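Protein sequence lines correspond, in order, to chains R and E.
Position one of the first sequence corresponds to residue 0 (numbering that gives the first Met the number 0), numbered consecutively onward.
Position one of the second sequence corresponds to residue 0 (numbering that gives the first Met the number 0), numbered consecutively onward.
Derived by calculation from the structure, the hints in this document are not laboratory data.
Predicted model only: the values in this text are computed from it and were never measured.
Don't take every hint at face value.
Coverage of chain R stretches by chain E, computed from C-beta distances (three or more under 8 Å per stretch; other residues unrestricted) [stated by the list, open to error]: (1) 74-81; (2) 172-178; (3) 284-298; (4) 358-367.
Even glycine gets a Cβ: it sits at the ideal position worked out from N, Cα and C.
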Amino acid sequence: MSDLLIIGAGPAGLSAAIAAAEEGLSVTVIDEFPKAGGRLLGQLHQEPNGEWWNGIQKGEQLSQRAHQLGVTIQCEVSVYDISQSKNGWEVYTTRGEYKAEKLLLATGATESPIPVKGWTLPGVMTIGAAQIMGNVHRVKPGNSCIIIGANVLSMAIANELKLCGVNVKEIIIPKADITSNEAGNPEQVLSSLMRLTHLAPTPILRQLGKIGKMVHPKIAIRLFPKKGIRMFDIPLRLKTAALEIVGDRFATGVRTVNIKANGEIDHTSEKVVDADFVCIAGGLTPLSELASIIGCSFKYIPELGGHVPVHNEQMQTNIPGLYVAGNITGIESAKVAMAQGRVAGLAIAADITNDWEQMETSINKAIENVNITRDKALIQFHPGISDARKKFYQKSEVNLTQISKIKKREA
Amino acid sequence: MVVKSDDNKIICRCEEVSLGTIKDIVHHFHCSSREVKLRTRAGMGYCGGRICRTIIEKVVQDINNEKVSNESQLSYRPPIRPVTFGQLGGSENDDES
Chain R
0 MSDLLIIGAG PAGLSAAIAA AEEGLSVTVI DEFPKAGGRL LGQLHQEPNG
50 EWWNGIQKGE QLSQRAHQLG VTIQCEVSVY DISQSKNGWE VYTTRGEYKA
100 EKLLLATGAT ESPIPVKGWT LPGVMTIGAA QIMGNVHRVK PGNSCIIIGA
150 NVLSMAIANE LKLCGVNVKE IIIPKADITS NEAGNPEQVL SSLMRLTHLA
200 PTPILRQLGK IGKMVHPKIA IRLFPKKGIR MFDIPLRLKT AALEIVGDRF
250 ATGVRTVNIK ANGEIDHTSE KVVDADFVCI AGGLTPLSEL ASIIGCSFKY
300 IPELGGHVPV HNEQMQTNIP GLYVAGNITG IESAKVAMAQ GRVAGLAIAA
350 DITNDWEQME TSINKAIENV NITRDKALIQ FHPGISDARK KFYQKSEVNL
400 TQISKIKKRE A
Chain E
0 MVVKSDDNKI ICRCEEVSLG TIKDIVHHFH CSSREVKLRT RAGMGYCGGR
50 ICRTIIEKVV QDINNEKVSN ESQLSYRPPI RPVTFGQLGG SENDDES
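Go ahead and model the full structure; you've got the sequences and the hints to work with.
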């Protein structure tokens, strides 16, 4: 039995493991994937200062540090059920049962699907799957591809695919219907891209951000060229919609059509664009199924990517002994996830030793660091994250007794 | 130019339930996403609804003109990953799925 079991060996889980182990806890980390690192494994992009963010390297550094501190990391372990007992947690996995006093869910995010007609054909994959094939498994999914879905994630991965030698023919949007939501509305897509911060990872996005401060998206989308704009030399076409993915036994291309700013379809422009594979990019949403079967309360917060388990700034959920960190608490960058992981690791250490007073300064410092990291984040997946978080934490019903005692004494 | 309907596109891949089927059920029975699941098996296949759950919820909410609620109608149930009977029974090295 460990003091702490962490589910998910990504940036949040590994950072939490390090923080907790540094405080002397015995920690085990399990992950479904064959390799530790989580979403870091796919990440490769250039920061505004010109330096490359190499996620694989970062993940290895975290794993190494965790190993040095005696953390056990086990991969290819899938959790299928969890129960709570008097002594802590019992976690049922494809590799047997794990027991721990405290439990941290750092399961990250999952991709939201957009069901485009023909999406069940072989050769159609989510944008994240293409990223994992290229960056982790070093397999090129094909020589040419079309990406359906224009958002921060798809644009970042489009560039990674290009670095893998894939000819990314175009980034287009899905046809508007009941399943595609805002992703199929040119104005809303442009509007969400324009709200990106000035720190956005590409010059073109920074430009869009500047324009966004001066021009209303309604006007900007009318001015948006039909042929699209080029980003990393990849055409971003917000006025082209995917009608269906075509192919007999496997995907061979996409039937596309021009649309007007208001979404009206110009059927005369219909054509088929060939591609070896097709990526669908519907964005990310917190992967919270384990929190759900444990019985956590949830809150729907669009700015955070969907339903998130109710938790406080110390990363405690409304279930005693259960903590969350990383993208399960809302879609943000890996750096924010790492900062949150540290908070969770320290809070769990305080919880186990029952010495919140001793840990208070370091926990508060770690929380402050989460906020600073969030404000400096390169990629804001959804606009308004900071405000949504503040509101959420103010209203948070999670007040662990120890924490509230400290607060009361201060007051 | 004939505009082809999207109603035959698949929503639940495991159980091969189309968008049209889901729409018809909601219109006919004025029902919740949970009832759609029980009537069509959408979201009840091998993957346990990991892919289509959010789409089913969205389609039903849109047709019924409902807001997104804090708690999901389509609850998660263990086992949340496909496991073999051997694994369920406690055999650690049963990979013959």
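Now the hints, each set against the structure:
no.	hint	in the structure
1	74-81	holds (count 5)
2	172-178	holds (count 4)
3	284-298	holds (count 8)
4	358-367	violated (count 0)
Hint 4 from the earlier list is the only one contradicted by this structure; the remaining hints agree with it.
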